[in-house]
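Student: Each protein sequence line maps, in turn, to chains X and P. Take the first sequence: its position 48, counting from 1, is numbered 48 in the working numbering, and each next residue is one higher. All you need for the working numbering is the position in the second sequence, starting with 1, plus 1000.
Some clues are possibly wrong.
Lysine-lysine pairs mimicking DSBU-like chemistry, simulated, CA-CA at most 35 Å apart [to be verified]:
id, chain 1, residue 1, chain 2, residue 2
1, P, LYS1224, X, LYS152
2, X, LYS75, P, LYS1301
3, X, LYS234, P, LYS1144
4, P, LYS1147, X, LYS231
5, X, LYS122, X, LYS152
6, X, LYS152, P, LYS1147
7, X, LYS88, X, LYS34
8, P, LYS1144, X, LYS231
9, P, LYS1079, P, LYS1224
10, P, LYS1144, X, LYS39
11, P, LYS1144, P, LYS1301
12, X, LYS34, P, LYS1301
13, P, LYS1176, P, LYS1301
14, P, LYS1147, X, LYS34
15, P, LYS1165, P, LYS1176
16, X, LYS39, X, LYS75
Keep in mind the hints are simulated off the structure, nothing from the lab.
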Amino acid sequence: MEDIRILISGDRAVSVQMGSVINREINRRVLMLKAELEKYPIEGVTETVPAYSSLMVHYRPEVIRYRELSDEIRKRSLTMGGIAEEKKRIVEIPVCYGGEFGPDLEYCAELEHTTPEEIIRKHTQHDHYVYMLGFAPGQPYSARFEEPYGFKRRETARLSAPAGSAVVQQDLSDIIPFDQPCGWNIIGRTPCEICDYTREEPFLLRAGDWIRHRSVSPEEYREIRRQVRAKEWKPVVIE
Amino acid sequence: MGILVIDPGLLTTVQDGGRFGFQQYGVTPSGPMDERAFALANLLTGNAEGMAELEMTLYGGRYLFDADAVIALTGADMKPLLNGEVFPMYRAVSVKAGDELALGFAQSGCRAYLSVAGGMDISPVMGSASTLTGKHLGGIEGRKLQKNDRIAFAASISELPSQDKMVLPREVYPAKEAVLRVVAGPQDDSFSREEFRKFFWYSAVITDENDRQGCRLKLERPIKHIGDGNIISDGIAFGSIQIPPNGQPIIMMADRQTTGGYPKIGTVISVDLSKLAQARPGMRLRFIRVSIELAQELYLKELRERIRIKESFH
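If we strip away everything but chain X, and leave its shape as in the complex, we get (with noise of 0.2 Å):
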């Protein structure tokens, strides 16, 4: 186990690194001391951010110094419980593959020498690992840890990928929250919101979460797209 780094961010924030590389494991570590600190606050700690292998904490140096922080970080970093046994939570998100839904299905398969419905059979038949959240709000960093897929990014990115899309590279894959930039091959998109400030909880996702991936029609599509559009749509969550 690596020895956990507290990197200085500023005045008002420090950076906890956990690891130098991305794997669950350590991702797993940040995810714990994340609990930890929100089980035994640190007074002045006003919210922390976990990523790939670290977890940055902001705070009010009025109420807590930089040193006396560090110190306090680590005690919990030492005596933080074990989330021994594994919750898994799982959210279904349902995706329309190929077509006008997902532009760059044919040429995926293309550049796997395989059939599109191989493309999407490791696409829906693994879970994926939301390491984080960023980028845009809600927007998950996920991947899968078997079968991935050969190709990267494209050479040229789209200026605007629509909202929903269902983008992957390699062992990687997100959805876009909104219409934003994109250098990923698109394969399909999701009639459901990843994020929608107007919900209760606004985010589907939160970092330590498994995406399994379901193929829809272009009728189911539409429908669950009524739903989301009604507010009658419910995410199916297992846990």
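Take the given structure of chain X and dock chain P to it, following the hints.
Tutor: Only chain P this time, still in chain X's reference frame:
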């Protein structure tokens, strides 16, 4: 009853103290670019810390009051006029229904703050009135102000008890060059000692790409990384100085992304962010390295000063 927008200016948004607690979901805190001018405007109108104000950028615009109010204006000097007469900045001023406040182009500084005693009636989204225009969040429909927008006052206050005392000295902003103090890290080890020192030797110029998200700089000699200029994405603080692979620094501001994958050579200290928020394209920046202890000492001193001001207004 409140403010009717006659001319919204270049970029005027509603900002409160910021939207905190949602960075873990990728939501930037937003809030004022110049936390000091923002805090002083609320103090000058007797408001609680962090209440919503208007942040105007470079060119302020025109605003009609359709109710009496007490207002204060801080930050950039946009030569404000009330009904054509010079409007004094940095003090609590009573305005009447029918008065029009007009702000021109900033003569000094970049951003002005308008506070109203009792605050503005803006429905909070995720606990905050702050506007994040890029993500259509908060403020007025998640966008900058438009002509004919109406902003209602949260209270009806036409005079404050000790209004005559509510005056502060004006801030003076540098026009050509600003010196910013910087705490090293979190990724100062992504640079050789020489490249790290170079960052403090040479001045940088603020480019036109200078917005609420980040302030992009141009160095004559870009900073070289030890590696390829990428790190495993980690959190970003207000004032973090990212060095992307091209070696040209980007200082992350109020609408910054919550995380990012470029090494951050240092972070501008909190008390100097005001100078940066008021700096304009073409200006030169110089950086001086200070310790975390000094940075926090200076920040606490500033907070104590605000408490002193608040007490002096009672």
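Student: Check each numbered hint from earlier against the structure, then list the numbers of those it violates in ascending order.
Tutor: 6, 9, 10, 14
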